[in-house]
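Novice: Sequence:
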Amino acid sequence: MPYWPDNIEALFCYAEADFSKHGVIDARAQFLAVVKALPREFNRCVTPSMFASDVSEPYETLKCSILKQEDLTDRQRLDQLVNNIDLQHGSAMNMLQRMREVIRLRTFDEGLFKQLFLSKLPQQVQAVLVSFQNNALDELAASADRILEITKSSNIEVFSIKEKPQTTQNDVIELCNTLTRYLNFRNDRKRSHTPRRSTSRKRSVSRPRETDNHYWCWYHNQYRKSSRNCRKPCNFPNSKHLGKLPSRHALTATVAGEHSRLLYITDVTTRVRYLVDTGVEVSVLPANSNDRLHESALNLQAANGKPIATYGKRYVYLNVGLHKPIHWIFIVADVSMLIIGTDLLQHHNLIIDTRKRRLVDGNTNSSVCLTSFPGCRLSLVTSKHTKDPLYQPPLDKYPGIH
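Position in the sequence shown (from 1) plus 285 gives the number in the working numbering.
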């Protein structure tokens with residue numbers, strides 16, 4: 286008697302057809318014939334009580350027991366399909382093949398099977414494939430593998446700003462006072478370098494002590510540019526050991542008050558707000574607790590030289606109100622907010638009009654409004670790292686604002 290492991294019902298259909306052909310109508314004879322043909326995996330369904338003489342229908346009893354056991358196996362298969370198969374380190378095509386092996390030739394709703402397959406893919410892959418759900422399942426699996434290949438990690442060096450919202454008003458005031466002292470210091474230096482006409486041929490004498498610069502050596506305080514000697518430490522402009530003072534444009538401070546210069550755009554679908562920053566080379570997303578379990582080898586660096594940890598990449602679908610959607614791969618990093626950088630802006634030819642606070646599509650000239658968020662009190666961007674003894678202490682004291 287033949288046996289089909291993926292369709293146990295066919296065994297009983299074949300047996301009953303054979304019984305009818307040969308005129309076997311005795312239930313016990315039918316029972317014994319099926320017991321002889323049963324595969325080993327169903328031996329547990331045969332119990333000693335079935336061989337008792339008082340059992341009137343041993344064949345039907347055995348048949349019901351086996352079909353009930355097969356129903357239990359189907360539930361186990363469904364549990365394995367839902368809970369025990371995932372992407373892991375394999376490809377989407379391999380995962381689809383394992384799912385098909387579990388259901389074998391059993392009837393399974395095609396739409397439900399497709400949704401179950403898509404739910405096992407990463408969210409960034411689902412976001413791309415959502416528009417192609419009508420495609421064949423094999424095509425979706427192949428597309429998922431291509432997306433996963435694109436999103437693999439690669440080493441990039443980037444300069445970005447890591448803002449810390451805990452900056453207080455006192456920090457702002459102290460920094461402003463420091464900048465004021467620096468400007469006064471520069472003006473005093475310019476006045477001290479103005480040439481004076483000599484009214485006497487007497488030998489030069491030491492200048493008054495109140496004009497001495499504490500950051501110059503004794504020789505330059507005495508003889509200025511005429512000095513032939515220098516002792517460290519010395520910041521005299523003509524000294525070989527000079528540590529240049531920062532220029533006025535070395536520091537750029539933007540105070541965000543009623544009209545902040547920090548511009549944001551909002552996804553009209555998810556209502557998620559993104560900071561649009563042309564000073565950031567790549568677009569980044571804040572990492573959550575699950576992301577932090579898997580740190581990647583991606584190399585990011587802040588403007589102050591501090592490294593920024595990264596945790597892979599994520600595909601994001603943006604709908605900001607332009608005529609076309611924006612698809613982009615963001616880097617998941619140890620940042621405090623979602624930032625759109627120059628990589629996304631350049632790829633999609635998006636232009637920031639800061640005067641009118643608009644994001645303009647350079648291809649279609651369509652635009653959307655940008656908004657300001659008044660919660661940030663200060664955003665300090667250091668375009669050139671300076672180490673001056675007068676200004677370095679407060680900058681070291683508040684690293685979050687430089």
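Careful, some of the hints might be misleading.
Within a straight-line C-alpha distance of at most 30 Å, the following computed BS3-like cross-link-like pairs (lysine-lysine) qualify [unchecked claim]:
1) Lys321 - Lys306
2) Lys405 - Lys609
3) Lys609 - Lys641
Hints in this document: simulated from the structure, not taken from any laboratory. The structure presented is a predicted model; accordingly, all values stated were derived computationally and were not measured.
Novice: For every hint, state whether the structure bears it out.
Specialist: Hint check:
Proposed proximity of Lys321 and Lys306 is supported: the alpha carbons are some 19 Å apart, at most 30 Å. A C-alpha spacing of about 28 Å is found between Lys405 and Lys609, which places the hinted pair at or below 30 Å, so the restraint holds. For a cut-off of 30 Å, the pair hint linking Lys609 to Lys641 stands: about 21 Å separates their Cα positions.
Of the numbered hints listed earlier, not one is contradicted by the structure.
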